[in-house]
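Each chain, written out:
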Amino acid sequence: MSRIHSCPCFFRLCKGCGGSIRFLSPPLFWSLDVQPPQWGPRGGLLQPGGNSTPPLRRSRSLGLGAGRGLGAGRGLGAGRGLGARRAVATSLRRKNMAGTAGPGTVPGAAGGDGDDSLYPIAVLIDELRNEDVQLRLNSIKKLSTIALALGVERTRTELLPFLTDTIYDEDEVLLALAEQLGNFTGLVGGPDFAHCLLPPLESLATVEETVVRDKAVESLRQISQEHTPNALEAHFVPLVKRLASGDWFTSRTSACGLFSVCYPRASDAVRAEIRQHFRSLCSDDTPMVRRAAASKLGEFAKVLELDSVKSEIVPLFTNLASDEQDSVRLLAVEACVSIAQLLSQEDLEALVMPTLRQAAEDKSWRVRYMVADKFSELQKAVGPKITLNDLIPAFQNLLKDCEAEVRAAAAHKVKELCENLPTEGRETIIMSQILPYIKELVSDTNQHVKSALASVIMGLSTILGKENTIEHLLPLFLAQLKDECPEVRLNIISNLDCVNEVIGIRQLSQSLLPAIVELAEDAKWRVRLAIIEYMPLLAGQLGVEFFDEKLNSLCMAWLVDHVYAIREAATNNLMKLVQKFGTEWAQNTIVPRVLVMANDPNYLHRMTTLFCINALSEACGQEITTKHMLPVVLKMAGDQVANVRFNVAKSLQKIGPVLNTDALREEVKPVLQKLGQDEDVDVKYFAQEAISVVAQRLRKPDFPAKDSEEPSAPGADKNRFLRARGPEEDPGKVQRESAARAASEEAVEMARFRGTDVAKGPAYQLHVNPRDTLAQLEIADLVHFSQSRD
Amino acid sequence: MSSSSPPAGAANAAAISASEKVDGFTRKSVRKAQRQKRSQGSSQFRSQGSQAELHPLPQLKDATSNEQQELFCQKLQQCCILFDFMDSVSDLKSKEIKRATLNELVEYVSTNRGVIVESAYSDIVKMISANIFRTLPPSDNPDFDPEEDEPTLEASWPHIQLVYEFFLRFLESPDFQPSIAKRYIDQKFVQQLLELFDSEDPRERDFLKTVLHRIYGKFLGLRAFIRKQINNIFLRFIYETEHFNGVAELLEILGSIINGFALPLKAEHKQFLMKVLIPMHTAKGLALFHAQLAYCVVQFLEKDTTLTEPVIRGLLKFWPKTCSQKEVMFLGEIEEILDVIEPTQFKKIEEPLFKQISKCVSSSHFQVAERALYFWNNEYILSLIEENIDKILPIMFGSLYKISKEHWNPTIVALVYNVLKTLMEMNGKLFDDLTSSYKAERQRTRMAPLQGHPKKPRLSGRS
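Protein sequences appear in the order of chains H and D.
Last residue of the first sequence? That's 790 in the UniProt record's numbering, and every number before it is there in order.
Last residue of the second sequence? That's 463 in the UniProt record's numbering, and every number before it is there in order.
It is worth saying that the hints were derived from the structure and are not from the lab.
For clarity, every value in this text was computed on a predicted model and none was experimentally measured.
All C-beta atoms, glycine included, are put in the ideal place defined by N, C-alpha and C.
Check each hint, because a few of them may be wrong.
Said to hold, decoys possible - Computed list of lysine-lysine pairs in DSS-like fashion (alpha-carbon distance at most 25 Å, straight line):
{"hint": "1", "chain 1": "H", "residue 1": "K363", "chain 2": "D", "residue 2": "K284"}
{"hint": "2", "chain 1": "H", "residue 1": "K241", "chain 2": "H", "residue 2": "K302"}
{"hint": "3", "chain 1": "D", "residue 1": "K126", "chain 2": "H", "residue 2": "K363"}
{"hint": "4", "chain 1": "H", "residue 1": "K482", "chain 2": "H", "residue 2": "K466"}
{"hint": "5", "chain 1": "D", "residue 1": "K270", "chain 2": "D", "residue 2": "K359"}
{"hint": "6", "chain 1": "H", "residue 1": "K310", "chain 2": "H", "residue 2": "K374"}
{"hint": "7", "chain 1": "D", "residue 1": "K284", "chain 2": "D", "residue 2": "K347"}
{"hint": "8", "chain 1": "D", "residue 1": "K275", "chain 2": "H", "residue 2": "K141"}
{"hint": "9", "chain 1": "H", "residue 1": "K654", "chain 2": "H", "residue 2": "K635"}
{"hint": "10", "chain 1": "H", "residue 1": "K302", "chain 2": "H", "residue 2": "K374"}
{"hint": "11", "chain 1": "H", "residue 1": "K550", "chain 2": "H", "residue 2": "K627"}
{"hint": "12", "chain 1": "D", "residue 1": "K218", "chain 2": "D", "residue 2": "K126"}
{"hint": "13", "chain 1": "H", "residue 1": "K363", "chain 2": "D", "residue 2": "K218"}
{"hint": "14", "chain 1": "D", "residue 1": "K275", "chain 2": "H", "residue 2": "K241"}
{"hint": "15", "chain 1": "D", "residue 1": "K303", "chain 2": "D", "residue 2": "K321"}
Claimed, not checked - If we take Cβ atoms under 10 Å as the criterion, some of the chain H residues that face chain D in the derived model are:
{"hint": "16", "residue": "V133"}
{"hint": "17", "residue": "P229"}
{"hint": "18", "residue": "M288"}
{"hint": "19", "residue": "D326"}
{"hint": "20", "residue": "S327"}
{"hint": "21", "residue": "I438"}
Said to hold, decoys possible - Not close to chain D: a few residues of chain H, all C-beta gaps over 12 Å, as computed:
{"hint": "22", "residue": "S364"}
{"hint": "23", "residue": "T462"}
{"hint": "24", "residue": "N599"}
Kindly generate the complete structure, drawing on both the sequences and the hints.
Here is the structure:
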């Protein structure tokens with residue numbers, strides 16, 4: 001080990017205690033001109049402490065990109081405990097954020113004069129073999145930068161061979177590598193050298209982890225397009241053949257995805273070979289490979305000559321569709337769509353339909369599900385004649401399948417199926433052949449089936465016209481509006497617009513109201529949230545009178561819901577309603593009731609007033625805002641709860657544009673200035689922010705000058721208000737953020753252990769900005785309960 | 001979902017929080033309540049349109065020996081008819097007749113000799129296939145968590161159980177001749193049998209386990225095929241679906257299969273170990289089959305000790321990063337492996353292994369730390385450590401010393417104290433050296449906290 005440590009090459013291969021034999025392959029000895037002089041082969045890099053400090057510090061600052069990149073880890077499906085992995089990501093991200101604020105990252109802290117531009121590259125290269133996966137990952141993600149710095153020649157001769165050897169690394173790193181290499185053609189010298197990228201990608205295409213393999217295949221497909229036809233045959237096709245005849249199933253599965261990209265550009269002889277390889281993979285004895293082949297069958301069929309499709313693809317399709325494993329058979333259904341598009345009606349009938357009929361009757365529900373799921377595509381692919389003869393009866397069977405999964409999938413397709421029927425005779429077919437089955441589904445035993453149907457059934461009204469809708473569909477809608485499952489009702493309500501166009505909503509309104517009220521008070525806040533979203537739509541269709549009479553009180557009740565998300569949605573809802581019904585209506589019905597809440601004993605309700613004002617001010621216009629809303633906001637500046645006060649500052653900033661300058665100067669400014677002196681740091685901060693925005697609007701020369709006397713207002717130049725706030729200008733902000741985060745996390749953590757009692761402590765009431773995160777929403781709610789005393 | 005009577009206290013707040021709890025979070029209880037309504041499933045796709053009603057046949061024991069064979073076959077054919085158990089009131093009479101017949105058949109093959117004649121095999125296997133081979137129904141609960149949720153039970157169990165019973169008696173009968181049966185119990189049959197291992201019903205999987213074990217024992221020609229199919233199931237489980245209910249059962253069978261492998265091990269078997277069993281440790285639901293998996297791994301190592309190094313390196317590669325529960329399982333497996341390790345093999349992996357163990361002992365999750373520290377209660381491991389103390393102590397020292405001062409959990413601190421004592425007794429001089437250099441290092445890092453970010457003390461790296 002120690003010998004390797006003293007190896008002067010950049011890619012000292014020391015990280016792999018993970019142990020691979022490849023690892024012992026001769027390391028690359030890099031000529032050292034990339035390294036900065038003070039960090040050369042003799043340099044501190046190889047000794048702990050001492051000289052190595054600057055690069056280390058540098059590496060920290062380079063690690064800052066981590067936060068964004070981490071998401072990739074989540075994609076690794078088969079990995080170890082995904083949620084947990086995310087936790088690591090967050091903690092790392094936080095560490096990096098801490099790094100941002102630290103003093104060590106001032107640019108130019110470490111670095112010579114001459115080679116300084118290459119210095120970061122050296123660090124990146126160094127990190128390619130760091131022990132910390134995260135650093136390796138970051139470095140891999142900047143691979144293009146490294147390659148750019150090295151130039152095409154050395155990228156080809158040194159970087160790529162090194163990367164080819166990295167194959168033993170963690171899957172996350174490999175995934176990033178596979179992705180990077182797909183865009184590397186330019187960095188190795190353009191299409192003429194694209195083949196240099198094949199060796200590392202070939203290795204990546206054989207690893208076990210599916211996500212990595214898929215990404216490698218994706219990149220290979222991308223690169224194949226960049227090959228010249230000659231290079232394709234000289235390098236790419238042999239690679240595909242190697243993969244296709246690999247020992248382990250992984251390489252053969254990867255090969256399946258590559259045939260279709262090289263086939264169209266290959267010569268005839270090579271084409272025959274490619275087809276041969278594909279054929280053998282379709283009858284591979286590993287089901288994994290057959291699955292991969294089946295899933296690429298349609299894609300491959302599309303690039304083949306029509307004759308070959310008939311003579312070769314169809315038999316393969318038939319075989320796969322009768323495979324002993326249902327997981328293979330169901331993929332063949334997918335291929336069926338593509339194949340059917342290629343064939344003429346007669347060929348279809350003779351070659352494909354027997355298999356498709358069989359699939360619709362398959363003994364495995366998964367295959368039948370797939371048929372149901374792909375029904376619209378199949379319908380389009382086979383054309384109207386076969387649809388009428390074959391697909392409609394099959395669809396009827398799927399609608400009354402014994403498995404609810406299949407029925408639900410079929411129910412989802414009802415509308416599309418009907419839409420795509422030829423207009424001539426469509427009504428008769430639907431009425432006689434589809435509707436009877438739909439009627440039965442309305443009272444299905446499974447709620448998923450019912451809600452699937454409810455999500456599309458309204459769409460039938462436009463197809464069937466007014467009379468049929470009233471006579472046949474309306475009873476079904478009404479039945480579903482009374483369904484016990486909220487999702488069913490919700491799906492009906494969310495599609496009311498379709499019916500509205502055909503028969504008008506009045507027909508439904510009597511049944512609608514109880515359904516809406518019930519949903520509005522549902523115990524699940526997600527259900528309540530969903531119904532709120534439809535309120536503007538409903539309001540528009542039901543008219544202002546009906547709304548005032550029946551629904552207005554609901555909308556107001558949501559404003560004091562105990563879940564923040566509902567209160568937030570309710571404020572947005574009000575805004576949309578005002579846009580619909582106009583300012584006069586707002587002034588008479590909404591505004592007074594919102595403003596009353598400003599005196600509510602619960603500070604969350606008082607804040608809701610502010611949020612409503614934020615949302616409504618623009619829609620209501622200057623007059624109402626100045627006359628009615630502004631006084632309330634200003635009064636709230638004296639609230640005892642800091643959260644309310646800083647929200648006053650935020651509100652003033654928001655409604656500023658609506659107000660005229662007189663009001664701003666006479667009323668808003670003094671209040672903001674007072675808030676700017678508040679004892680609470682957050683109130684001060686937001687007041688400052690609001691002041692700077694308001695000041696900009698006023699653009700009075702004396703205003704900022706006067707303000708500059710205030711201790712925390714920075715500088716006298718008015719432009720400085722526009723300047724982005726750097727961390728050094730507002731050191732409090734980072735602290736505040738981290739404090740808020742820590743406080744919220746602590747609260748969540750504690751709440752988990754102790755139940756809601758935790759909120760009794762007043763500590764969490766302050767410094768928690770309820771708009772920040774979902775977690776904080778919860779706390780806000782917790783706080784609310786304890787606050788109800790005050 | 002109905003919020004039960006609110007607890008005493010502030011009525012308003014309590015009522016809200018009761019409904020609050022339903023919101024998004026405590027849904028499991030709701031779901032469970034729903035599940036109890038229908039915890040049975042079955043899938044018989046369009047079995048037979050109109051059900052033929054069964055008529056009772058005469059008892060086998062009342063028939064003359066000439067007629068018996070004929071009657072036996074008739075009864076087998078009668079039992080091929082399937083009934084819908086999701087509808088609990090339909091065909092009650094016929095269901096009862098079939099149940100009685102199956103019972104009779106079970107008794108018939110287990111108490112009588114010479115009844116399994118060549119001509120009967122076809123009917124027997126046909127009856128078994130007709131009853132047990134079926135597409136498993138979709139899971140009632142798409143995010144079924146085998147550790148938490150109640151399994152969906154097979155609705156037609158009253159019949160299927162008897163068929164399995166009959167199948168087992170048939171396979172175990174002294175009259176049973178694999179040479180004849182192999183015409184019917186072929187690859188396709190086994191393939192379908194293996195697919196049934198995905199059944200959610202543990203009772204069924206238990207029967208299947210015994211059945212497959214018998215088949216593996218009696219049909220030499222099917223052995224390679226069975227292993228390969230299990231291999232495929234596992235690969236699919238690991239890399240494609242992460243879902244298969246019968247992993248533990250299959251591993252249990254494999255445990256005994258591995259036990260019987262001839263030496264030297266074939267490349268195929270080694271590949272199975274490295275490419276299937278080791279990656280299997282990454283699965284989400286490892287807890288469900290870890291015991292069986294660890295048993296298989298240890299079986300391999302007992303067969304061929306040279307596999308120890310790649311196996312341990314494999315485990316280290318897949319070491320859980322954040323799941324403490326899995327980490328404890330890994331540590332358990334490592335201990336099982338160390339129990340059978342050869343000292344020469346131990347030397348090959350001690351460095352990476354103890355680096356990992358050193359990370360585990362300083363885990364802030366006390367169960368992980370505790371599990372790792374328990375290694376020092378194991379006599380054999382202690383002797384291995386003692387032999388290699390000059391390598392291991394420098395790796396372990398830093399974290400042990402640190403947690404002896406800093407760990408939040410008093411039990412861990414006490415355990416660490418004992419471990420440090422043991423290590424000190426093994427090599428006092430080295431221990432003292434390390435103590436002083438550790439202290440010096442710490443001093444240094446404390447002195448220079450402002451000049452950049454000092455490297456973590458890396459005692460482990462240099463040796």
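For each hint, the structure was consulted:
Between H:K363 and D:K284 the alpha-carbon distance is near 30 Å, which puts this suggested pair outside the 25 Å criterion. Distance restraint check for H:K241 and H:K302: the Cα-Cα separation of roughly 20 Å lies within the 25 Å cut-off, and the hinted pair is therefore satisfied. Between the alpha carbons of D:K126 and H:K363 the distance comes to roughly 18 Å, so the proposed pair stays at or under 25 Å and holds. With a C-alpha separation of about 22 Å, the suggested pair H:K482 and H:K466 falls inside the 25 Å cut-off, and the hint holds.
For the hint pairing D:K270 with D:K359, the CA-to-CA distance comes to about 30 Å; that exceeds 25 Å, so the pair is violated. Straight-line distance between C-alpha atoms of H:K310 and H:K374 comes to about 22 Å, which keeps the hinted pair within the 25 Å bound. Taken as a hint, the D:K284 and D:K347 pair is broken in the structure, with Cα atoms around 32 Å apart against an allowance of 25 Å. A C-alpha spacing of about 28 Å is found between D:K275 and H:K141, which places the hinted pair above 25 Å, so the restraint is violated.
A distance of roughly 16 Å separates the Cα atoms of H:K654 and H:K635; the hinted pair therefore holds under the 25 Å criterion. Distance hint between H:K302 and H:K374 is fulfilled; the C-alpha atoms sit about 18 Å from each other, no more than 25 Å. Restraint check for H:K550 and H:K627: the C-alpha separation of about 29 Å exceeds 25 Å, so the hint is violated. Distance hint between D:K218 and D:K126 is fulfilled; the C-alpha atoms sit about 19 Å from each other, no more than 25 Å.
For the hint pairing H:K363 with D:K218, the CA-to-CA distance comes to about 30 Å; that exceeds 25 Å, so the pair is violated. Taken as a hint, the D:K275 and H:K241 pair is honoured in the structure, with Cα atoms around 23 Å apart against an allowance of 25 Å. Simply put, D:K303 and D:K321 have alpha-carbon atoms about 30 Å apart, too far for the 25 Å limit, and the pair is violated. The interface hint given for H:V133 is met, as the beta carbon of that residue sits about 9 Å from the closest beta carbon of chain D, less than 10 Å.
Below 10 Å, beta-carbon pairs count as interface contacts, and H:P229 has none with chain D, the closest being about 35 Å; its hint is therefore violated. Annotation: interface hint on H:M288 holds; nearest CB of chain D at approximately 6 Å, less than 10 Å. Against a cut-off of 10 Å between C-beta atoms, the interface hint on H:D326 holds, since the closest Cβ of chain D lies about 7 Å away. The beta carbon of H:S327 is positioned within 10 Å of a beta carbon in chain D (closest approach about 8 Å), and the interface hint is therefore held.
The interface hint given for H:I438 is violated, since its Cβ lies 21 Å from the closest Cβ of chain D, which is over the 10 Å cut-off. Listed as a non-interface residue, H:S364 fails to keep its Cβ farther than 12 Å from every Cβ of chain D; the least gap is roughly 4 Å. Non-interface status of H:T462 relative to chain D is upheld: no Cβ of that chain comes within 12 Å, the nearest being about 33 Å off. Look at H:N599: its CB is around 19 Å from the nearest CB on chain D, clear of 12 Å, so calling it non-interface holds up.
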